[in-house]
Structures are given as C-alpha cells and as structure tokens.
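A.B. asks: Input sequences plus hints: build the corresponding full structure.
Keeping their order, the protein sequence lines are chains A and B.
Residues in the first sequence are numbered from 39 upward in steps of one, following our numbering.
Residues in the second sequence are numbered from 787 upward in steps of one, following our numbering.
Misleading hints may appear alongside valid ones.
Below 20 Å or equal to it, Euclidean Cα-Cα: the simulated PhoX-like pairs (lysine-lysine) are [claimed, not checked]: (1) A/K94 x A/K337; (2) A/K94 x B/K1101; (3) B/K900 x B/K973; (4) B/K1101 x B/K972; (5) A/K256 x A/K481; (6) A/K159 x B/K1101.
Far from chain B, by Cβ distances over 10 Å, these chain A residues were calculated [said to hold, decoys possible]: (7) A111; (8) E113; (9) F158; (10) T229.
Covered stretches of chain B (in silico footprint by chain A; criterion: 3 or more residues with CB under 8 Å from a CB of chain A, positions within the stretch not fixed) [stated by the list, open to error]: (11) 840-853; (12) 871-883; (13) 1073-1087.
In short, the hints are calculated from the structure, not lab data.
Because the structure is a prediction, the values reported are computed rather than measured.
Note that CB positions come from ideal geometry on N, CA and C, so glycine has one too.
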Amino acid sequence: MSMVGFDRFLFAFTIGSHIILVSMSIALILLISILEFLYLRNRNSYHLALIRRLKKVFVISFGVGTASGIVVAVELINLFPGFMTLVSETGIIGAFYAEIFAFFLETISLVIYVYFEGVFKWKYTNLTLSIVVASGTLLSGVFITMVNAWMNTPNGFNISEYLATGKVTGVLPWATFATPSTFGEIAHVLTTTVFAGVMLIGAFFAYKYLKTRDPEEKGMFRSMLRVISGVSIIDILLAGASGSNEMSTLLQYQPLKYAAMDLNPTPGTGFSERLFGYIYNGHILDSIQIPGLQALLAKLETGITALPGLSQYPVSDWPPLIIHTTFDIMVVGGLFLGLFLFITFLFYVFRKDFVRNRFMMYFQIFFGFFALLVYEIGWVTDEVGRQPWIVYNVMKVYQAANYSTGLLVPGYFIIAFYLVLIPATFYFFARVFNSNPAREDMKPAAEGGVNY
Amino acid sequence: MLTINILFGINYAVFAVFAVLVITEMMGSVLMLVAWDSVKGKVLDYVVPVWEVTGTFGAFWVVASDFAYPRILIPLASIFSAAIAIFLILFVARNSTIVFAEFIKKRGWLDEKKLYTGYSLSTLLLGLVVLVIITGIIGGNGIDFRNLTFSVSSWAGNATSWLFIIGALLMAIGLAPVFYDLAPLKKLVFPFTIAGLVVSVVSLYLFRHGSLPFLVAIPIILALLVPVLYYLPSAVKIVTNKVFFIALVSADIFSLEFMVYPTAFGGNINVDSLISSGPMASAYVAITVVGLVILAVLIALYSIAVHRRSAMARKAVSSP
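C.D. replies: Structure representation (structure tokens):
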C-alpha cells in the first residue's frame, strides 16, 4: 500500500470508529435531556433511575469520544498536512476553532452537571445543564459538519487563482461558514447521527427488556423504549426529508458525484431510478429499474430535467462507482428502518404496547445495529463519493497527504488500539449501566439521589 | 520593550494554560504512583473533574496553532509525525483509563487502582512526549529542516534536551506538595524547586547559546514565589488554591515567551513570518473574543459550584 493509501485507510478507520462514539454521545445526552424534562413533570422514579444510569454512560462515552476526537483532529494535521494548510489559510479553520468553544461549553457544563449535582437549588438546574451539555455536543457536530460541507462545496477564497498559482488570495473567512451545501448537510448529518445513536441505544434496551426478570427493571426499560420510539419516529421523518434535500444539492453543486451515485453513464432526461447494478462496457447490468423515478424526483426537488452523466467528466476524476451500491444500501436501509418505525407507530395508533411484543423487540435489536450500519455506509458514500478530491475540484488527496514513513508503525498501533478500545468501551457501558440495582437508582433525592 | 504579535500572544497564552494543566496532572500522577493510599483523596478530588478540561485545552491549542501558523503545518507534521502519533495513543489511553477507573467496581483482576496506575503512566509518558516536542520547538533539537525529519539519537545526544526535561520534572516534584496541599511532603518543596530551577535556567542558557536576556528574571521570580508563599503560614491558603496556582504558573510559563519569539527552533524560524494576517487574523481575534466570553462565563459558573460545594462540606463538618 502506498503512503497515500495508508493515510487514507488510517483516517477512514479512525473516523469510522469515532463516529460510533459520536452518535452514541449525541443520542445519549438528547435522551437524558428528555428524561430530565419528563422527570421534572411527573416525578416518575423510572425516569430518575434512567437519568442516573445514562449519565454515567454518557461520561464514559464523552471521555473516550473526546480522546478519539482529538486523535481525529491531530490525524488530519498529521496525515493530510496539505489539506490542513489550505484549511488554515482559508476561513474554514474558524469552524474548527469555534468547535473548540462548543467543546468547552459541553465539557465544563458536563463537569458541573455530573460532579456538582445538588449545589444549585433551582429546580430547573439539572434540566438546564443537560440542555447546555446537549447544545455544546450538537454545536460541535454543527461546526465539524461545516468543514465537511466546505470540502464538498469550497468557497471563501479565489479558487481559480489558487489552482493557477497555489497561492491563497481573496480570503473571505465568514463566507466559508455558509457554503451552498452547509445547511442541508448539517440538517442531514445531525438527524442521522441522532437516529443511529438512538436506535443503537434502543437495541440495548430491547435486549435488556427481553433478558431481565426484575419487574422494576422491566418497567424502567419499557419507559425508555417508549421515549426512544418517539424520538426515532420523529427523527426518521426529518432524516428522510433532509436526505432528499441533500440529493438536490448534489445535483446542483456536485453533479459528478450525483451521476456516480445514481449510476448515470451519460447525461440525459427521463432517467429511471436504478437500484444496484454496475456499468460494464458502457451498459448498466443487473439493476432494478423504476422507470422515470430519478427524473421525477430531480424535477420535483430542483426543477432540473437534464441530468448529468459520468461521460461528461474525465475518468480520472470519477469516484469509485461502488458508491452507487453504498448509496442504494443507504436508501433501501432507510426505507426498511422507516417501515419498522411505521409499524411501531401503528402500535401507538391502535393503543397496543409494542414493547410487550417479543418480535418487535427482536426487530428493535436488529434495526438498532442496522441503523448504525446504514449510518456508516452513508458516510462512506459521502466521502468516497468525493474522491479523488479531498476538497472538491480544488485539491486531490495525493496533494494533501503526508508521505513520511514514520507514520506507519504508530498508525498500526492506533488501529490495534481502536480495535480494543471500541468493544471495551461498549462492554464498560453495559457494566456501568448495570452497576446498581434498579431499586437503588430509583430512590428519590432525600435518600441520597438527585437533589432537585 | 519587547512587543509581541497578538495572534502569537493568544496562542502562547493558551499553550501556557494547557502546559500547566498537563503539569498538574503529571504531579498527581507521580504522587499516585508512589503513595497511592495517602494521596489518592486529594489528587482525585482535583483530577477527576478536570482531566476533560485539560484535554479540551490541548485541542484548543492545536486548533489555535493551525489558525495562527498555517504555513508551518506541513513541516511540523513531517518532523513530529511519530511523536504526534505516540502522543495520540497515550492520550486515548489516559482518557479511557481514567474514565473507566471512575466508575469501575472491582471484578476479577481489574480494579480502580490498576486503572489509575494506567492513567498515571500514560499521563507521565504523554507529558514527556510534550516536553520532547517543546525542546524541538525551542532549540530545534533533533530536527533536520532540510529533510523534515526528527532524529531521536541526535535529540538524545544533546545535553540541553535532557537538562530541560530533568529541570521540568524536578520542579514538578517540588511544586506538587503545594498544589495538592500535602503537608507531610513540605520538606521536598524548596530543595526540588530550586534544583529544578537551576537546571532549567542552565538549559535555557544553553538553548540560547550562552546568552539570556534580563527578562529571564521574571519566570525565576514567579517560580520562586510558589515555595516562598507556601512557607508563609498566612499565604498557604492562597497558594494552595487551585485557580491561583494555575494562574501563577501559567503566567510563569507565559513569561518564557522570549524562548520562542521572535525566533523559534533554535533561531531557524522567524515566527512573525508565519503568522496569519489580514482578514484571517481579524476572524481569529473575533472568534477568540466570543469564545473567551463564553469560557469566562463557564469558568465563573464552575467556580461558584466549587465554592458552594466547599461551603456545603464545611457546613456538614461543623454541624453536630
């Protein structure tokens, strides 16, 4: 493997591992805030116990996630110094910088929320602090997504001059915070990140519900699964809508990526939606075709009727066409997840308890892991779809990479370390979650719990 | 009078706070390794809520450096690539061991003490890697700018590198009893601090090829202030206050800015020539101001929480 290949692989591996922790953290703090709100309203001891248990898990997730986030940040500098130099010479470094303050917001409010419980007597303290922590967490996600959006649709400097001379001029730092793809990407990334995390947590609770014989625990897990189902149902609708908006942005600003994702060999009109399949000798083979659907969706969302095709671009600029398959897996996977949640919704409509249905719990476990897989595949589609560019139409990956062989040995150590760290972290989540008996965690404040 | 670029000033101030936070954790780590039972209460009371803030300051410094000195990123990434990768592994090890230690209940061979030992070792090694990088940034030790490489043997063959690290460690041992207010170790404070100071000043002298500016008096005085105040009964409470100590030692490190400004890497690099300017500098300052306001509010809230917690503890002790 070349050094560029190694840099690519190491970063993909690290970020692929990191986003599991990110989605867990964001989902956890969101659920904790909802539970704080519910507990404030109804003083349900199940909610109290869940807050106590999930807070501990969140601290671990945050601690390991923070370290992992710094690994990702420093790896960007170390593996792709050319990219980071361009980032630092244009205003988008401001998004990284602003993220640090969001990170402070999250860190210090979390320290107060967790380690100084009870020192403020205002009854909304815990709810407020949990919301501040969640805001910091979400803002971190927003700022980092701004960087990714800029990589897809760069702006804020004189690109033609940069391509001609390699010099960064005409810098408009604030423009980089709002590229054509920024807001759409933020919407889709946040909704899908929360969704993947919430569904994964749902899988854990469904498993615990099926396993436990303790009636208190059963009640507690049922309560959590109901909250999770509510969040998931709302979230998948938002994820679907924002995903559809993302495709229209791609069509307008990254037509080559769009053509690769929809497997359009040539430009044209009236295209079918092609599920799976591949191009062989200029022909699409083994695909399921839905006549006119691609053209219809494009027209409805953007008004564009002439769709781009791969033949309009040099082959050397094409991304690997595997992204057509990963894109289809993501969309079809999203539809299956939507179907599962629609059935869950029907349980509510017919006033049935979906938690008591064993099959629904088995599906919850399956779809919890499946949602994470779909989420990862979505990121693969986005990142591989931008290849060979690291900054679309501005800088290719080979121009950005670090060719120092000194990275090899520590890089293998980082990979080995993550292979141990991620399972160990999840194992520890489960241990910490179960560390106290349910009855003990359900005791109200006067007996040593949260002081509201 | 020496004037410094505001971007450099902000960046170096962030580094100073980060360095002090790392040093305080290194002090705690040494103490936990040598006297776990007698120090764990005082050390963990500080370390457990603050280790996340240390990491955040580390990230703050790294990103602030990206913003302030974009043109040095490619050379530095090549020169320190292995050191940075080792730092990352140690950083993840440090975070995961301390967070696991915080919540572990003994099961099998793994317990709280073993995990805190892991945390202490990874923190100490991490601190050493930071010190190695700093010796490179100050004196260019081990660095070959032509080939953009770092030679461990060349670094290790330079006595200045070792003197700098030994001096820093001696001072850390000397100041640890003050920071953690460990009266039984009071006798270590003066000898270790002064020995560390002497060795550090010699290393700084060698770094600058036999010339030190009169400004070096400021960090020496600030460093000596800590043990002096600790020996004054009326000042013990002040100097053992965590915020005061961190502010004082940060000021001490900040006053050493002449070692890396206006030139760094043993005089090979002119810092001003690397610093961002124009709209980028304005954006940097604007985001920093907004961010620091948020940070100040959060630190104020944290200080109130600490104050109230202490008051509650005092009330609990005094009530019959």
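A.B. asks: Run every hint past the structure and note whether it holds.
C.D. replies: Here is how each hint holds up against the structure:
Taking the CA atoms of A/K94 and A/K337, the gap is near 49 Å; set against the 20 Å cutoff, the hint is violated. With a C-alpha separation of about 28 Å, the suggested pair A/K94 and B/K1101 falls outside the 20 Å cut-off, and the hint is violated. Between B/K900 and B/K973, the direct Cα distance comes to roughly 29 Å. Violation of the 20 Å bound is thereby established for this hinted pair. Annotation: proposed proximity of B/K1101 to B/K972 is violated, straight-line Cα distance about 28 Å (limit 20 Å).
The suggested pairing of A/K256 with A/K481 holds, with an alpha-carbon distance near 17 Å, which does not exceed 20 Å. For the given pair, A/K159 sits about 16 Å from B/K1101 by alpha-carbon distance, which is consistent with the 20 Å threshold. The non-interface label for A/A111 is inconsistent with chain B: the shortest C-beta to C-beta separation is roughly 6 Å, within 10 Å. For A/E113, the non-interface assignment is contradicted: its Cβ lies about 7 Å from the closest Cβ of chain B, within the 10 Å cut-off.
For A/F158, the condition that its CB be more than 10 Å from all CB atoms of chain B is violated, with the nearest at approximately 7 Å. With a least CB separation of 26 Å from chain B, A/T229 remains clear of the 10 Å interface cut-off, as annotated. Under the rule that three or more residues need a Cβ within less than 8 Å of chain A, the assignment of the segment 840-853 of chain B holds, with 10 such residues. With 11 residues having a beta carbon nearer than 8 Å to a beta carbon of chain A, the segment 871-883 of chain B meets the requirement of three or more and the stated coverage holds.
Here's how the segment 1073-1087 of chain B fares: 9 of its residues keep a CB closer than 8 Å to some CB of chain A, so the rule of at least three is met and the hint holds.
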